[in-house]
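Peer 1: What follows is the residue order along each chain.
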Amino acid sequence: MSNLVILPIIIPFIIGAVLIIFAKHHRLQRVISGFTAVGMLILTIYLAFLVYQDGNIVLEASNWPAPFGIVLVADMLATLMLLLTSIISTACLFFAFQTVSSDREKFYFYPFFFFLIVGVNGAFLTGDIFNLFVFFEVMLLSSYALIVHGGTKYQLRESFKYVIINVFASALFVVAVAWLYSVTGTLNMAHISQRVAELEQTGVINVIAILFFIVFASKGALFPLYFWLPRSYYGPPAAIAALFGGLLTKVGIYAIIRVFTLIFYHEPTFTHKGIIVTIAGFTMVLGVLGAVSQFDFKRILSYHIISQVGYMVMGLGIFTPLAVAGAVYYIVHHMIVKTALFLFAGATERITGTTDLRKMGGLIKTHPVLAWLFFISAISLAGIPPFSGFFSKFPIILAGFQEGQHVISGIALLVGLLTLFSMMKIFSYAFWGKQKHTSEQAKTPIGKLLLPIVPLVALTIILGIAAEPIFQYSLLVSEQIMDPSIYIESVLKE
Amino acid sequence: MEVLMSVVIGIIFSVSIYLFLSKSIIRVILGSLLISHGVHLLLITMSGLQRGGPPLLGLEAEAYTDPLPQALVLTAIVISFGVTAFLLVMAYRTFKEHKTDNLEELRGSADE
Amino acid sequence: MKLQKPNDVMLQVSMRVITLFIFAFSFYLFLAGHNNPGGGFIGGLMTASAILVLYLAFDMKTITKAIPFSFTTMIGVGLLIAVATGIMSMLFGYPFLTHFFDYFLFPLFGEVELTTALFFDLGVYLVVVGAAMTIILAIAEDDK
Numbered sequence: 001m002s003n004l005v006i007l008p009i010i011i012p013f014i015i016g017a018v019l020i021i022f023a024k025h026h027r028l029q030r031v032i033s034g035f036t037a038v039g040m041l042i043l044t045i046y047l048a049f050l051v052y053q054d055g056n057i058v059l060e061a062s063n064w065p066a067p068f069g070i071v072l073v074a075d076m077l078a079t080l081m082l083l084l085t086s087i088i089s090t091a092c093l094f095f096a097f098q099t100v101s102s103d104r105e106k107f108y109f110y111p112f113f114f115f116l117i118v119g120v121n122g123a124f125l126t127g128d129i130f131n132l133f134v135f136f137e138v139m140l141l142s143s144y145a146l147i148v149h150g151g152t153k154y155q156l157r158e159s160f161k162y163v164i165i166n167v168f169a170s171a172l173f174v175v176a177v178a179w180l181y182s183v184t185g186t187l188n189m190a191h192i193s194q195r196v197a198e199l200e201q202t203g204v205i206n207v208i209a210i211l212f213f214i215v216f217a218s219k220g221a222l223f224p225l226y227f228w229l230p231r232s233y234y235g236p237p238a239a240i241a242a243l244f245g246g247l248l249t250k251v252g253i254y255a256i257i258r259v260f261t262l263i264f265y266h267e268p269t270f271t272h273k274g275i276i277v278t279i280a281g282f283t284m285v286l287g288v289l290g291a292v293s294q295f296d297f298k299r300i301l302s303y304h305i306i307s308q309v310g311y312m313v314m315g316l317g318i319f320t321p322l323a324v325a326g327a328v329y330y331i332v333h334h335m336i337v338k339t340a341l342f343l344f345a346g347a348t349e350r351i352t353g354t355t356d357l358r359k360m361g362g363l364i365k366t367h368p369v370l371a372w373l374f375f376i377s378a379i380s381l382a383g384i385p386p387f388s389g390f391f392s393k394f395p396i397i398l399a400g401f402q403e404g405q406h407v408i409s410g411i412a413l414l415v416g417l418l419t420l421f422s423m424m425k426i427f428s429y430a431f432w433g434k435q436k437h438t439s440e441q442a443k444t445p446i447g448k449l450l451l452p453i454v455p456l457v458a459l460t461i462i463l464g465i466a467a468e469p470i471f472q473y474s475l476l477v478s479e480q481i482m483d484p485s486i487y488i489e490s491v492l493k494e
Numbered sequence: 001m002e003v004l005m006s007v008v009i010g011i012i013f014s015v016s017i018y019l020f021l022s023k024s025i026i027r028v029i030l031g032s033l034l035i036s037h038g039v040h041l042l043l044i045t046m047s048g049l050q051r052g053g054p055p056l057l058g059l060e061a062e063a064y065t066d067p068l069p070q071a072l073v074l075t076a077i078v079i080s081f082g083v084t085a086f087l088l089v090m091a092y093r094t095f096k097e098h099k100t101d102n103l104e105e106l107r108g109s110a111d112e
Numbered sequence: 001m002k003l004q005k006p007n008d009v010m011l012q013v014s015m016r017v018i019t020l021f022i023f024a025f026s027f028y029l030f031l032a033g034h035n036n037p038g039g040g041f042i043g044g045l046m047t048a049s050a051i052l053v054l055y056l057a058f059d060m061k062t063i064t065k066a067i068p069f070s071f072t073t074m075i076g077v078g079l080l081i082a083v084a085t086g087i088m089s090m091l092f093g094y095p096f097l098t099h100f101f102d103y104f105l106f107p108l109f110g111e112v113e114l115t116t117a118l119f120f121d122l123g124v125y126l127v128v129v130g131a132a133m134t135i136i137l138a139i140a141e142d143d144k
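Chains as they are written, first to last, in full-length UniProt numbering: chain Z, 1 to 494; chain E, 1 to 112; chain W, 1 to 144.
Simulated from the structure, these hints should not be mistaken for lab results. Given the structure is predicted, the values throughout are model-derived calculations rather than measurements. Hints may contain errors.
Unchecked claim - Simulated pairs of lysine to any residue, SDA-like, Cα-Cα distance not exceeding 25 Å:
1. E:LYS96 x W:MET60
2. E:LYS99 x Z:TRP228
3. Z:LYS273 x Z:LYS161
4. Z:LYS161 x W:MET60
5. E:LYS23 x Z:LYS273
6. Z:LYS161 x E:VAL15
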């Protein structure tokens, strides 16, 4: 028992509540939220270190013993995700300080921001399937509020679709939980895992597994449930879009990884190597084709989220320690680089006033630092060595060939090529070519805007150069989650 | 009893899907409201409709029904209350901005 | 077309009495919530409906003057109270949200069970009242 595990959930919760009260003082809000974000960063680093050293930390909330009460479990995967969440949220928050207008700030921007973090952190930590639903809803409700925040015509129109698809998916989530409860009679994920192992995973349990997959796939934007993503991520300001692009779909992916390594891991030929790999292939191809066909900075990035979510799920689908380690590494790389790229989109929008690539050009002459930083992140995303993208895709594709999954591995390579093509399209349209922004726009100072982005770009370089230790860490994470007995023992203490 | 409930849930689901597919925003919201009811009933039904006493400490009974599904449903109701309230406010704002509640007209064009 | 000011003396007078009953019942529900049906959520909703009835019977300005705090602040305070009860048990070395209860003897009431969960419920109560009123007023205030 340790109350440390609850802190990543209640600190943002308290701060969010305090910020509601001080909603009208936007200076105070910035100070409080800035310090909180940095504090969360330190806390999650400490927590990750502690779990790395001493093993899983479990908290039985309200002092109810494990299968009856709600447990919070900090294992290596969860703490890694927590750490990434705080890195990304800190970057987005500091970017928001400079870009979000004070009208929006007064309208409870920061409280919603922190409640979103509450939901995300809770979803990572919880060891109870219904509690996972509750934290998903906390996250989604805040995300609904943030995605319409400001209430422009475009936002209202597109967010409605986002909200409705998520409401529907949440309904299915409850259905899946109800079925699982009726079959296993418990909600504790470790306990469910035990019971499913006793029951043998056939018939009904496979159906439940697929229903969970559908639920999380619609939140994680997998084929064919990704259509809401590109349009709805286009509307909100860059700081929010970056947070969503970096974070939200990955919560769905985390849930898929958790559920399919802890509970439904008995029939990998049907669920993992059959359905998940197929879906991953379609997601990658269709996502990247969408990106290739677009001429808008943010839309290209949004479609890339879809194709890259495919890589993560593919890593899970191949289901060897190497592949899952690759998927974990890829999540780390993707969350950091994707957030950075969305923030770049915000910075260029600040300069040129548009995200349409055909109306941009020649930024490299007026803003060389921005251009080269973008270049690094772009080729990192496409998977060019020595950056993190290469080292994270490599194990996934290698494992694919090792396991005889030649089709999906070939698709992954092709998709990497198309990713490179569309990133270079952004680079050549927006940064090369004739200068299309006015000389007044060229003087726009962006030094401050770059401040939150630089650490993210530095991280992708570090993740590439220090690939060996980080890959070892991902391998540890993957070995831990591939062996559910570690998780079960730490929760049920048998 | 479970069979009857299942049929009722099936009807609720089909009606709510029909409403989801309609063109008016307010009908879609009603659909989401209805599907949440269906889901809550399902949650109660799936965990078995035992006929014991209600799980209250104030009541004396020989057997109590499983209180957990009811707690879950209560939580789910609160959440769907929040979501529906948000959706209604949002639909209202959308109507004010766009002057229509027809989703066909809210499609938007590709290049804007 | 300017609407005539409606003659709603009956409504206003009766609502003054009726809301008192609703308030009392919602308070009862709130206190009953630990072992019996009731609790912060349902009590809060009922209080919100009582306030709403007042808004209906009188006009916006009168009630806003009568209730001198904003409902959004109420949400914040409620959340803080709820989480504070959880943190209190942390301070004494128990897991988050551990609750305690004991029986106390009061004059007039006799033996009464008091729980720390009551404070949590108070937080929920405030959040529900605040949230419900915020949502309703967000739509109502718009319509000029």
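Peer 1: State for each hint whether it applies.
Peer 2: Hints, one by one, checked against the model:
{"no.": "1", "hint": "E:LYS96 x W:MET60", "in the structure": "21 Å, holds"}
{"no.": "2", "hint": "E:LYS99 x Z:TRP228", "in the structure": "23 Å, holds"}
{"no.": "3", "hint": "Z:LYS273 x Z:LYS161", "in the structure": "31 Å, violated"}
{"no.": "4", "hint": "Z:LYS161 x W:MET60", "in the structure": "34 Å, violated"}
{"no.": "5", "hint": "E:LYS23 x Z:LYS273", "in the structure": "39 Å, violated"}
{"no.": "6", "hint": "Z:LYS161 x E:VAL15", "in the structure": "20 Å, holds"}
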